[in-house]
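Visitor: Each chain is listed here by its residues.
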Amino acid sequence: MLKKSNIIVVTLGIALFIFLPNCKKGAATATLASDAASRVYVAPGEKDEVYAFLSGGFSGQMSVYGIPSARLFKIIPVFSVFPENGYGFDEETKDMLKTTHGYVPWDDSHHVEASMTDGKQDGRWMFLNANNTPRLARIDLKSFETKEILEIPNTAGNHASPFATENTEYLMAATRFSVPVPQSNVSIDSFSKGGFKGTVTMVKVDKNSGRLSIELQVLVPGFNYDLSHCGKKKSHDWCFFSSYNSEQAHKMLEVGASKKDKDFILAFNWVRAKECKDQGKAYNFGGEYVNNFKDENKPAVSTKLSGVKMLNPKDCPGMMYYMPTPKSPHGTDVDSTGEYIVGGGKLASVIPVHSFSKMMEVKDKKEHHSTEIEGIPVLKYESTLAGEVQKPCLGPLHTEFDGQGYAYTSCFVSSEVVKWKLGTWEVVQHLPAYYSVGHLSIVGGSSTEPYGKYLIAMNKITKDRYLPVGMELPQSAQLYDISSGKAELLSDFPTVGEPHYSQMIPAKLIMDKTAKLFPLEENKHPYATKSENDAKIVKLGNTTHIYMTAIRSHFKPDIIEARTGETLYFHVTNLEQDYDIPHGFAIGGAPNMTNLLIMPGETRTFKWVAPKPGIYPFYCTDFCSALHQEMQQYIRVSP
Amino acid sequence: MGLLSFLTIFACGGEKTEETPASNAGSKGIGPVSSVTIGALDQSMADRGKKQFEAKCSACHKFEEKVVGPALQDVTLRRTPEWIMNMILNPMEMTQKDPIGQELLAEHLVQMTFQNVKEEEAREILEYFRKMDLK
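Those protein sequences? They're chains H and X, same order as listed. Just so we're on the same page, my numbering is the position in the first sequence counted from 1, plus 1131. For the second sequence, position 46 matches number 43 in my numbering, and the numbering has no gaps at all.
One should not assume that every hint holds.
Stated by the list, open to error - Listed below are the simulated DMTMM-like cross-link pairs for lysine to aspartate or glutamate, each with C-alpha atoms no more than 20 Å apart in a straight line:
#1 H:Lys1687 to X:Glu90
#2 X:Lys47 to H:Glu1653
#3 H:Lys1477 to H:Glu1346
#4 X:Lys132 to X:Asp71
#5 X:Lys47 to H:Glu1761
#6 X:Lys115 to H:Asp1392
#7 X:Lys63 to H:Glu1215
#8 X:Lys59 to H:Asp1689
#9 H:Lys1229 to H:Asp1253
#10 X:Lys48 to H:Asp1179
#11 H:Lys1687 to X:Glu51
#12 H:Lys1647 to X:Glu62
#13 X:Lys59 to H:Asp1392
#14 H:Lys1661 to X:Glu90
#15 H:Lys1647 to X:Asp39
#16 X:Lys48 to X:Glu116
#17 X:Lys48 to H:Asp1392
What the hints assert, rightly or not - Where chain H lies over chain X, by a calculated footprint (3+ residues, C-beta under 8 Å):
#18 45 to 58
#19 66 to 79
Claimed, not checked - Computed Cβ-Cβ distance ranges for the label pairs, DEER-style:
#20 H:Gly1672 to X:Glu104: 19 to 27 Å
#21 X:Lys115 to H:Gly1417: 29 to 37 Å
#22 X:Lys115 to H:Asp1665: 41 to 49 Å
Keep in mind that the hints were calculated from the coordinates and are not lab data. Glycine is no exception: its CB is placed at the ideal position from the N, C-alpha and C atoms.
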C-alpha cells in the first residue's frame, strides 16, 4: 500500500517537473500580435486572402473558412446527410451515401488533402476520408460539391487516408483497425497471434477527370496504421505511414499498446508496388465495394465492384521498410524538400526525424536491419535518424513546414505549438494553444512550396474560451501569423464538428474558377425542364412525374392533384441563369424528404408519397425576390 | 419628336411609361450594345430568338399581359433596339442607373434576371420581338 502511494508521488513529481518548465517557457515567449484585430479584420467588400478547408470530424462534412477573418463560408456535405440542401435525401444525391453496408447517412471525416500538380497545390479537388465506413471522397473546387465517393474494401477504420502523392497520381488509404482479411468470425484473441491484418490501398486518381479507382492493396502486418504523408522531389516514390500497437494488443490498448519503446513508420515505395503488380506479383483477392459518382447536373450513379489486386510484401522486395519510431507515433510528415520524415509520438519525449537519404543508403544493407516482420525489413533506429528535437514539449503530434527551414509541431498534452529548426533540431519558439491541440495547417504546408504566412492549430478543448453553451463546447482553431521571425497569435474561432486536419490554399488559386451557374442548355438531367412551356405532369399508373420549373417567383405547374398512396416525383428545374439565385422546394409534412436547394440551371428531384387526403402546401425556402413569399402553391390529395 | 411621343403613348396604352420624359424615349440604355443595325425582318433569326425567349424569358414575360415582368407587346415601338438588348444583357445596372429601368423596377418590384444570354442571342430575341410587333 505504502509502496503504491510512493509510486504515485514520484510519478506526479516527474510530471510536474516536465510540465512546469515548458509551461513557463511557452508563456514567456508567446506573443499576441498587438494589432491582431486589424490583421484579421476584412473590411466590408474586401475578400479574404486564403481558403481554409477543415474536416468536420464527427459531422462527416467539410467546412470552408476565409483566412484571416476566420469567417465560415460554407459547409460542404460529404459523408453525412445535410437537410439544409437535401444532400443524401433527393433522388440525385441519395446514392452518394450507398455502401456495401447499405445506405450509410453518417461518417467521421478526418483528413483533408488538396490535389497537387508537381508538388504544388493546383486548386482542382479536395479529398476527404471517411474513417468509420471506409471511404474516400473527391470534392470539386469548381462547384464546391462532392463529386465522387469510393469505398475501400478489406479495411476497417480508414484513418491513414487520403494522403496524395506529389502529382496526385495516387491517394493512400490504410487501416486503423486491423481485422481478419478477408473478414471472418474468429476469436478476438487471434489478433495477438497475427490473425488480424492491415491493408494499404493505392487509389488511382485520373489526372484529367479526377475519377477514383483502386489500383492495388498491400497486405501488411496487423498493427494500427494511423497517419500518412507522401514524399516529394527525391522521395517522390515513397509514402510514410505511422503505426502504433506493434504489440498487437487487443484489449486495454492504453496499456497493452504502449509497452514497447518504439513502434514504426512504414516506408512504402508505391512506384515499386505498381511495378510488382505489373509484373504479375499481385494476386486476385476478394472484397466488395461501391463507387458513387455524381456527374454535373445528373443523378449520382452507384456502381458495385468486386475484387482487388492484393500484394504481399515478401513477394515484392524493396517495397516496404519499417523505421522504428518512438513512441506510439501519430503524425508522420515530410518536409518541403522531401528529405526529412518527422514522427510525432503521443508518448515520445523527443521529435524523431528520419533522413530519406540515409534510409536509401542503408535500406538494403543487412547490417542496418534489426529484424524482419512478415517480409518487411526493420531498419535500425540510428541508421535512418537525421536528428531528434530534444524535450520539445509533451505529446508531440503533427508537424507542418513553412518552406523557410522551420517546422511547427503540435503538442497535445502541453497544449502548445513548438517552432523548431530543421537541421539543427533546436526549438526556437513555444506558442501556447488553447487547448489540447491536434493537427496544424500552414498555407500550402504539405506541398513542396508552402506559401507560409498563416498557421492554424486545431484544438480539441475550448473550456473558458467562449460563452458557455451547455455541456458541449465547440472545438476551435487558432490562427497564427508566421510570416516574420516570431510567430504571433492573431485570433481563435470556433469550428464545426471536430476538425482533424485542414488544407489552406491562397484564394487566387480558386476564386476565379468557381462555377456560378449550370448553363441550362447543357443540363443533361433526364428529367430537366428547360423551358416553362415544357412544364408538365406525366402519370404512369400509380407514379406521377412532375416536370416543374422554378423562377422568380413562381413554380409551374402550380396546382397538383394526387391520390393517397400515389408516388410523386417533383423534378424541379431552376430556370434562373443568374449567379446566387437558388430556389428551395419543401412540402409541408413530408416525412422522408428535407428541403431541396436547386442551383441556377440545376434539376433535383423530391420524392413524395401522397399521404392522407387533404391540402398540402409547398413553397420556396430560399429568399429569392420581393415576391418570394408568394412562391407557394398547393397539392390536393384525394382518397 | 412629336411622332416619337405619339408612338410611345400609343404603344404603352395605359402604362405608366407614358410619363417617361421624352428625352428618355430614344435612350439606348446602359450596357454593351451601342448600335444595332435593323433591316428587313430575318425570319430564321426570329425563330432562334423565339427558342431563346421560351427557354429563358417566358417564365416571367408574356406579350399580352403583365406577369412577373411587363407585357412585351409593342416593346420594339416603345424602346430602341439598343435599349432592349442592353436590358436583356445588363438588367442589374439598367434597373439601378437607367431612368426607364429604375421606373420599371419600381413598378414591377422584381429584379430582372440576367439569364446568361449571349449578345448574339439577345439580337435574336430582339428580332423575335420585332416579328411579334409586326402582327
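Visitor: Next, verify each hint and record whether it holds.
Guide: So, going through the hints one by one against the coordinates:
For the given pair, lysine 1687 (chain H) sits about 29 Å from glutamate 90 (chain X) by alpha-carbon distance, which is inconsistent with the 20 Å threshold. A distance of roughly 19 Å separates the Cα atoms of lysine 47 (chain X) and glutamate 1653 (chain H); the hinted pair therefore holds under the 20 Å criterion. A distance of roughly 32 Å separates the Cα atoms of lysine 1477 (chain H) and glutamate 1346 (chain H); the hinted pair therefore is violated under the 20 Å criterion. Our distance criterion of 20 Å between C-alpha atoms is met by lysine 132 (chain X) and aspartate 71 (chain X), whose separation comes to about 10 Å.
Distance hint between lysine 47 (chain X) and glutamate 1761 (chain H) is unfulfilled; the C-alpha atoms sit about 28 Å from each other, more than 20 Å. The suggested pairing of lysine 115 (chain X) with aspartate 1392 (chain H) is violated, with an alpha-carbon distance near 69 Å, which exceeds 20 Å. As the CA atoms of lysine 63 (chain X) and glutamate 1215 (chain H) are separated by approximately 34 Å, the hinted pair breaks the 20 Å bound. Among the hinted pairs, lysine 59 (chain X) with aspartate 1689 (chain H) is consistent with the structure: their alpha-carbon atoms are about 17 Å apart, no more than 20 Å.
Note on lysine 1229 (chain H) and aspartate 1253 (chain H): the hinted pairing is violated, with a Cα-Cα distance of about 29 Å set against a maximum of 20 Å. Proximity of lysine 48 (chain X) to aspartate 1179 (chain H) is assessed by CA-CA distance (about 42 Å); at most 20 Å being required, the pair is judged violated. For the given pair, lysine 1687 (chain H) sits about 14 Å from glutamate 51 (chain X) by alpha-carbon distance, which is consistent with the 20 Å threshold. Between lysine 1647 (chain H) and glutamate 62 (chain X) the CA atoms are separated by roughly 32 Å; this puts the pair beyond 20 Å, and the hint is violated.
Simply put, lysine 59 (chain X) and aspartate 1392 (chain H) have alpha-carbon atoms about 80 Å apart, too far for the 20 Å limit, and the pair is violated. Between lysine 1661 (chain H) and glutamate 90 (chain X) the CA atoms are separated by roughly 26 Å; this puts the pair beyond 20 Å, and the hint is violated. About 33 Å separates the Cα atoms of lysine 1647 (chain H) and aspartate 39 (chain X), which puts this hinted pair outside 20 Å; it is violated. Straight-line distance between C-alpha atoms of lysine 48 (chain X) and glutamate 116 (chain X) comes to about 15 Å, which keeps the hinted pair within the 20 Å bound.
With a C-alpha separation of about 75 Å, the suggested pair lysine 48 (chain X) and aspartate 1392 (chain H) falls outside the 20 Å cut-off, and the hint is violated. Only residues whose beta carbon comes within less than 8 Å of a beta carbon in chain H count, and the region 45 to 58 of chain X has 6; three or more means the coverage holds. Here's how the region 66 to 79 of chain X fares: 0 of its residues keep a CB closer than 8 Å to some CB of chain H, so the rule of at least three is not met and the hint is violated. Between glycine 1672 (chain H) and glutamate 104 (chain X) the C-beta distance comes to about 47 Å, which lies outside the given range of 19 to 27 Å.
The given range of 29 to 37 Å is broken by lysine 115 (chain X) and glycine 1417 (chain H), whose C-beta atoms sit roughly 53 Å from each other. Taking the beta carbon of each, lysine 115 (chain X) and aspartate 1665 (chain H) are about 22 Å apart, not inside 41 to 49 Å as hinted.
In summary, the numbered hints that this structure violates are 1, 3, 5, 6, 7, 9, 10, 12, 13, 14, 15, 17, 19, 20, 21, 22.
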